[in-house]
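Line order of the protein sequences matches chains A and B.
Its first residue numbered -16, the first sequence is counted upward by one per residue in the working numbering.
Its first residue numbered -4, the second sequence is counted upward by one per residue in the working numbering.
Simulated from the structure, these hints should not be mistaken for laboratory data.
Please read these numbers as outputs of a predicted model, since none were measured by experiment.
The beta carbon of each residue, even a glycine, is placed where N, CA and C say it ideally should be.
Any given hint could be a false lead.
As a list, the in silico DSS-like pairs of lysine-lysine whose alpha-carbon atoms are at most 25 angstroms apart [said to hold, decoys possible]: (1) A:K201 <-> B:K42; (2) A:K201 <-> B:K140; (3) B:K10 <-> A:K(-9); (4) A:K201 <-> B:K10.
Residues from chain B shown here face chain A by an in silico Cβ test under 10 angstroms; the list is partial [unchecked claim]: (5) P67; (6) D88; (7) S89; (8) F157.
Chain by chain, the residues:
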Amino acid sequence: MNLNPLLKGFEDLGRYLLLLARSFTGLLRFRLYWQLWTIESIQMGRDSIFLVAIISFFVGAVTTVQTAYQIVSPFIPKATIGAIVSTSAILELAPTVTSLVLAGRIGSNIASQIGSMRVSEQIDALEVMGINSATYLVLPRLLGALFSFPILVIYACFVAHAGGIIAGAFTGAVNPTQFAVGARGFFQPFQLVFMLIKAVTFGFIISTVSAYQGYYVKGGALEVGAASTRAVVVSCLMILVADYVLAQLLL
Amino acid sequence: MSELRIEHISKWFGKQRVLHDISFFFHPGKVNMIIGPSGCGKTVLLKCIVGLIQPEQGQVWFGKIDFLRTDPASRRSILRNLGMLFQSSALFDSMNVGENVAFPLRVFTEQSEKEIQDRVAYCLERVGLAGIQHKYPAEISGGMKRRVGLARAIALNPQYLFCDEPNSGLDPLTARRIDELIQELTYEFHTTTVVVTHDLKSVVDMGEEILFLYDGRAEWHGSKAVMLGQPESLPPNLRAFLRASGLIE
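Kindly produce the complete structure, drawing on both the sequences and the hints.
Below, the structure is given as structure tokens:
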């Protein structure tokens, strides 16, 4: 039995954990990290708003139309559509779909930025200056993701609801009042907590996994591209695994 | 001026030994050159000295401190007295030229913004690039990038200056200008300068003390005058290296 992939997996996990541990040591000036955190938060949040809006709107709209299509019995109240769409948006669609999309946009960006710095010796330059490159590069991105992801997911949740209401009204499947009655009827405050826990967890996964893939790039432009792709794939897989684990543990 | 010496440095990559028990004293205030053919281990040795690669054996002494085994605080204090010019310049793409040169000043000093800007202007002027603070690395030539890299390296008045293939890939005129700058900055800042190169024209231009590596071994060390003046006393590999470059008959 070939154990090499397993050993490689453990090696990757070990190096990932060591990089994470290093990211919290050797902090320099607070002002420096504050600036970096601000830049990362703004870039992650602002640059993703339009994409998140488009995707969330259509996810909400499609879910409404498809739910209406599946409810054929006249004995099921129309408000049920609102309840199903709203609960789905809060528990799954807003945090998970948004994060999967952001893994592509933000994850590949982080991996290619850090990977390019690695192959052009910019990370070596930081180390030679006595700056802990892991802290300088990973920590602001991690904190930026932990800050911006919950905001983006809340925003996605609102837009998904809007998409659902508009699509329901447009197709005549459910009117806004019925939608709102259903959504409110099945709402529990813990659902929002669960959504935010997911957002923070997925933000952590995307930022650290992508930073890890970029940080250990060896070679040139080709390897940076490969690391960027790997960052997206691994982040998406980890998000799906974490999604299941969190649902199992918390619901 | 601070001393720098390495003792018994050995490095393996997997089963391949790339450095064999290398010792050398780098002369303070002089341009010390590590030369040798491509793949002989020059850059690996340089990276071992500055701590980017951990050798399996040996010591790197900055003054009386064993750099490889000292505590993190001492290590950081040594690194802050050290400037390095990378082969690829290693300028930060996201920052303009002025921010690149100012970066170590902002991180490690308490200087006011006015003092930082004055120092940046001085360093850039010193390398012949006054007034390009607002350009980004992508907007300047390879030779200019090297000079900006030098300006960043000297921003903190380092005691040690390390240069990895400083003029590779540059046209002859620009390459000579970079050599002159390294020599001038060594004398002006009294740095212990270590230059890795396989360009023997650079050795002739600015080298003072020479360490010749061949296949990961220190085959010869001595002054440039001896190397060029008494070729019959040199080991065969160094003679062949010099002969291939037309420096000796």
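Results of checking the hints against the structure:
no. : hint              : in the structure
1   : A:K201 <-> B:K42  : 16 angstroms, holds
2   : A:K201 <-> B:K140 : 23 angstroms, holds
3   : B:K10 <-> A:K(-9) : 19 angstroms, holds
4   : A:K201 <-> B:K10  : 19 angstroms, holds
5   : P67               : 7 angstroms, holds
6   : D88               : 7 angstroms, holds
7   : S89               : 8 angstroms, holds
8   : F157              : 8 angstroms, holds
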